[in-house]
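The residues making up each chain are set out below.
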Amino acid sequence: MEWFIFKAADEHLGIEVGNIYRVVEDPAITPVPLMPSCHMGLTYYRGEIFDVIDIVRLLKEKRATPAGRARAILLKWSGKNLALVPDGVSGLLWVGEGKDTGTVYSEGEYVVRLVTPEQIWDQLSGLSYGHPEIPEDLHPGIEKIP
Amino acid sequence: MDIQKYQRIFTQESKKYLDELDRLLLRVEKTPDRLELWEDIHGKVHSIKGMAGALSLDRVRDLSHAMEGWCKAFQNGAQEASPAAIQTLFQSADLLRLLVKRMGEIMSIEEQKWYDGAMARLRRGPGDPGPAEPDAAVSPASINRSTVEGIDYVRVRYSLIEELLGFSQELLFLENNLPPLSLEQMSTGLKTWIDEYAAMLKGLHFRLAQLRLISVADFADLFVKTVRNLARESGKKVAFNVVGGALEADITLLERLREPFLHILRNSIAHGIESPEARVKAGKPAEGEIRLEAERKGDSLLLRLKDDGRGIDESRIVRYLKEKKSLTDGEIARMPRDAFFETILNPDFSTARETTSIAGRGIGMSVVAQAIEYLGGSMTIRSEKSKGAEFILKLPVSLSVIYAVNFILGGYPLAIPTSNVLSIDKRKTLSPEDREALYDLGAALGISGGEDGPGHLLRLKPPEGSGRSSVLVAADRIIGNRQMMVTPVGDLLARPGIFAGVGILENGNLSMLLDMESLPGTW
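Line by line, the protein sequences give chains A and X. Just so we're aligned, residue 26 is where the first sequence starts under this note's numbering, counting upward by one. Just so we're aligned, residue 25 is where the second sequence starts under this note's numbering, counting upward by one.
One or more hints might be untrue.
Chain X residues, not near chain A, derived (Cβ > 12 Å throughout) [unchecked claim]:
{"no.": "1", "residue": "Y139"}
{"no.": "2", "residue": "A302"}
{"no.": "3", "residue": "L326"}
{"no.": "4", "residue": "T404"}
{"no.": "5", "residue": "L529"}
Pair by pair, the computed Cβ-Cβ distance ranges are [unchecked claim]:
{"no.": "6", "chain 1": "X", "residue 1": "S211", "chain 2": "A", "residue 2": "D147", "range": "25 to 31 Å"}
{"no.": "7", "chain 1": "X", "residue 1": "T35", "chain 2": "A", "residue 2": "L152", "range": "56 to 62 Å"}
{"no.": "8", "chain 1": "X", "residue 1": "I448", "chain 2": "A", "residue 2": "Q144", "range": "44 to 50 Å"}
{"no.": "9", "chain 1": "X", "residue 1": "L79", "chain 2": "A", "residue 2": "E50", "range": "33 to 39 Å"}
{"no.": "10", "chain 1": "X", "residue 1": "I33", "chain 2": "A", "residue 2": "T141", "range": "53 to 59 Å"}
{"no.": "11", "chain 1": "A", "residue 1": "Q144", "chain 2": "X", "residue 2": "Y221", "range": "53 to 59 Å"}
{"no.": "12", "chain 1": "X", "residue 1": "A518", "chain 2": "A", "residue 2": "E36", "range": "54 to 60 Å"}
{"no.": "13", "chain 1": "A", "residue 1": "L117", "chain 2": "X", "residue 2": "Q507", "range": "40 to 46 Å"}
{"no.": "14", "chain 1": "A", "residue 1": "Q148", "chain 2": "X", "residue 2": "L184", "range": "41 to 47 Å"}
Hints are computed from structural coordinates only; laboratory data are not their basis. Think of the CB as a built atom: it goes at the ideal place given N, C-alpha and C, for glycine as much as any other residue.
Chain X on its own, in the form it takes in the complex (with noise of 0.2 Å):
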């Protein structure tokens, strides 16, 4: 293998690695009583030593024997990992990370301080913080550490890899097989092993398509360390927490949103989030909350990042409105709520009256704005004094995977989200709660009739705010609950109002994936 092989195995080997690392270093912050938590990234800086070891990476293997020993040293119980020492660890991780990148070379004098700096710490062991002087652990100034990297790889199932492999195979198999036909069997022989050789490819593709995708907690992970990181310079203790992490986008779609949620990130933790004595003194937590809610609806992809600071500064919105829109009072106070926050995305509009280190940089909200109406989706914020901020990003979804109960009702194929499924029933006799409870999905369809056959329920969970505690809605016949490809409606299937996107099912059928919420009538 060429010494270039090795090079590049080693640099994506031990990216993984370091991303590993911070989240067990941002795990053993929370939680410093599990030790077992050491022996993980003990585990880690050992694979990277070794690997810089065979390549001759003299800094790598150092800094990371270094940070090995202090490892240990948790691992074991000699010594309680303090959070200076574990902030500690996480420098050494920035540092490592930059040396990895640059396979060991050093490009200035600065960063040779910020090395020689952090051998020192982690050679004097945890225990001994050495002299007061300014820490030459920490990393210089010029080395910008609240940014996030780009989407340059994805995690893949492997045994998706492995049923992709294995269906390309079968194709070869295919094509080596074609049988030897006769003029007379020609027509049918070839034409089922074209059939086949199709029904394979449609397989293929299904698979295919689903490496575009990543979960939306990956995409969070992008951002813990930087919100961490961010915190820390602020003086103030933020989680990050996500909910309805599983969904999964298009990464083409989340990619493009990383822009626009480190900015909102930022000026959440720079001008929402209070700190940690005026929150207590405000009756909240010492430490602040900044959710990722991720949601499906309809063809789009709902995303709320919210926090639970301070609110954005009214004083500042009715003050731009005088002064540049030439607004009364009473006009302001007029104003739908809506409209009044979406003044901050006015590209003359700065919340930053404070430039602080981690906001305020001259890019405003209007950039945001711009990012989001490029990809084809809307914005809405929303503001409450001492409750918090929240932005919600509604974003048109090219392509996604659900599973979906699939069923047929008067001959058309249709889907509901199984998340929406409580439960499948064969028909029966209905009590009276469940006759109220019945929707008449036929004729909401417009559908006529149906097929003859035992019939299914499906009890579905009802639409936010209809006070009931479930629908009913009969199929003819059940297909089954599907994983399928949700593409969305082209303009005439937009029609009607009621589909959420059309569903590929792994053998090309079709299916209608249905929005509840849309259907006609009163839930």
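Here chain A stands alone, though its shape is the one from the complex (with noise of 0.2 Å):
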């Protein structure tokens, strides 16, 4: 079975191809309020629409600076829409039979982690989502604006 690796931080993560769409470079992200900080904005490629994550924030939780724009992994599974945005992509890796997901691969210079769409979706679906401190008493006449 092949695998697309890429890098996150300090591990390498692999994909199986089938759920890979395309690679895009600098693709124009649109930001949105109330996402968690890894929710880099929103995609449109050839009339699909794709959430964008920077994938190193949504294993990490924290680091210094947000991804750059340099490359995204346009993801497509079950009717499910997802753009990664990592460190670093690796290539292909052809790992033999009886390897599953989870499974930590090592080969050569790759320490290889094998995970699904699903895996990282159901980690973003984990996070909490909209605004953290609403004030309970919003309402009009609370004036911000000089």
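With the hints as a guide, bring both chains together as one complex.
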């Protein structure tokens, strides 16, 4: 089975190539408020909208600067769309039968953790969305503008 | 041009003229003193006659010719168009439609009698009703006129087609004009070309996607004549009115609603709207009303179909709940009203105690509920005795095009439907009333800080029931009032619960459409 390998902080992750739709250089990303810090925004590609995720921020929760716009890996599976922005793309790796997701696979220079898009999705779904500190008395009359 | 191609054009064009003819006859029926309408009616019939003559479709030509004679008489005022005369023309138009579809062929003795009867009636002229015998001009019972034809074509704005053609031509030019570039120039030159190409493709996609949309008014047009026919058959007077008809929705969604709508309309006319005499006795106008109201709410399309008839027979619901569900009077009385009326959606519930020719044909409201559920929507039923019944369909909108005011706040592109915006002003010193009306959108969206710049204030319609005359929100920069395609929010964007959809602008840029009523805080 062939796996698409990319770098996220200090580890390599692998996603089965059948889930990879495209790798897009420097996509335009529209930011969306009230989303978790790893949600960089939305990108529109060939008539479809993808949530763009800083994969390092998702996995590590914190890092000093958000990912740049170098590359986005567009995933499509089970009717879902997601774009991952990694630190870098490493390439393709053929992994013999018997290696399943969750496996940490080591070959040559790579130590790769094999994941499914659904596992990434589950992690995203577990995050907090919306304003964490919405004032209960927010109403017309609270003025912020001079 | 080959004959088959001619025939295809004849069928398409005649269908268009016949649809217009139906609409014009409905109008002239309401306002018989508007003689100028007869000129238009005459024109449609004449066009069909001309095309039929060229194709030697004698029956179509002769029938159109006979109808023309009546039109001329009404047009120049020689004869007065009585309701009976207009009804004859409606029936003749039905026959004409059948003949056009069959390229003039008659397939049964019943149809031949219909044709002969119609021709005899038309030839006698509007002033001579003839012998008092069963009207042979009426369509045979086997021809079901209380159905609605499928959506097999859409009307498209010609300007939109022109735009599409212009775009595709420019795309071709771009491909032919790929500049000869040296290796050094290649990277920047090629990138510019590709960028332009991509921008054109996005524009093309934006326009092509609009071909999938039809207006609610066009959808409602499918039912106008059916409502008239059903009302006439049951001896009732019914006006079918549409509010919010300009709203557009995906054709596949509306096509699937055709049968459910027809079922609700049949029930309204058969069981809801009273006879003119009963209505007058009850202090209502003799003519009943069925109203279709369309509204976009968040990422849903709300369609309300309501009548001003006698309301749903609650005693039948009570009997059903007691007999089939073994509920007591007390339990029934405690049921929420929505749940009480939802009883009629049970597969074994039927309101059709008396089966009429137009309702109670064995298809229960459960089939309607299933169709709505299939579309991922929901239906709420309301009814009040002597006031009428209301069916509220809430449907997910897979695609729609709206105008929205696009603006930037704290670096985020946002949009509010133009229909909700009363005015836009430069940011200024606020009056005490304006201070009271100000809603801190930035705080509600968790946006800290904004862009430097003059800034603007959007004055919005207040949410229903807020008791306010308007609401003010601030924007750093106004992009403009733009047409945009709205797609539903995905699973992640739905989480904050304040986005009505993702707007795609003509240039491919995105903007989050705000659902103002879902924003936090007390309005």
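Now the hints, each set against the structure:
The non-interface label for Y139 of chain X is consistent with chain A: the shortest C-beta to C-beta separation is roughly 51 Å, beyond 12 Å. With a least beta-carbon separation of about 49 Å from chain A, A302 of chain X lies farther than 12 Å from that chain, consistent with its non-interface assignment. Chain A leaves L326 of chain X outside its interface by the beta-carbon criterion, the shortest separation being 24 Å against a cut-off of 12 Å. Even its closest Cβ contact with chain A, about 27 Å, leaves T404 of chain X beyond 12 Å, as expected for a residue assigned away from the interface.
Listed as a non-interface residue, L529 of chain X fails to keep its Cβ farther than 12 Å from every Cβ of chain A; the least gap is roughly 10 Å. As the Cβ distance of S211 of chain X to D147 of chain A is approximately 41 Å, the hint placing it in 25 to 31 Å is violated. About 58 Å separates the C-beta atoms of T35 of chain X and L152 of chain A, a value consistent with the hinted range of 56 to 62 Å. The supplied range of 44 to 50 Å is met by I448 of chain X and Q144 of chain A, whose beta-carbon atoms lie about 46 Å from each other.
Under the hint 33 to 39 Å, the C-beta atoms of L79 of chain X and E50 of chain A, about 59 Å apart, miss the expected range. Taking 53 to 59 Å as the suggested C-beta distance range, the pair I33 of chain X and T141 of chain A conforms, at roughly 55 Å. Separated by about 37 Å at the C-beta atoms, Q144 of chain A and Y221 of chain X break the suggested range of 53 to 59 Å. A beta carbon spacing of about 31 Å between A518 of chain X and E36 of chain A contradicts the range 54 to 60 Å that was offered as a hint.
A hinted range of 40 to 46 Å holds for the C-beta pair L117 of chain A and Q507 of chain X, which are about 43 Å apart. For Q148 of chain A and L184 of chain X, the hinted distance range of 41 to 47 Å is satisfied, since their beta carbons lie about 44 Å from each other.
Checked against the numbered hints given earlier, this structure breaks hints 5, 6, 9, 11, 12; the rest are met.
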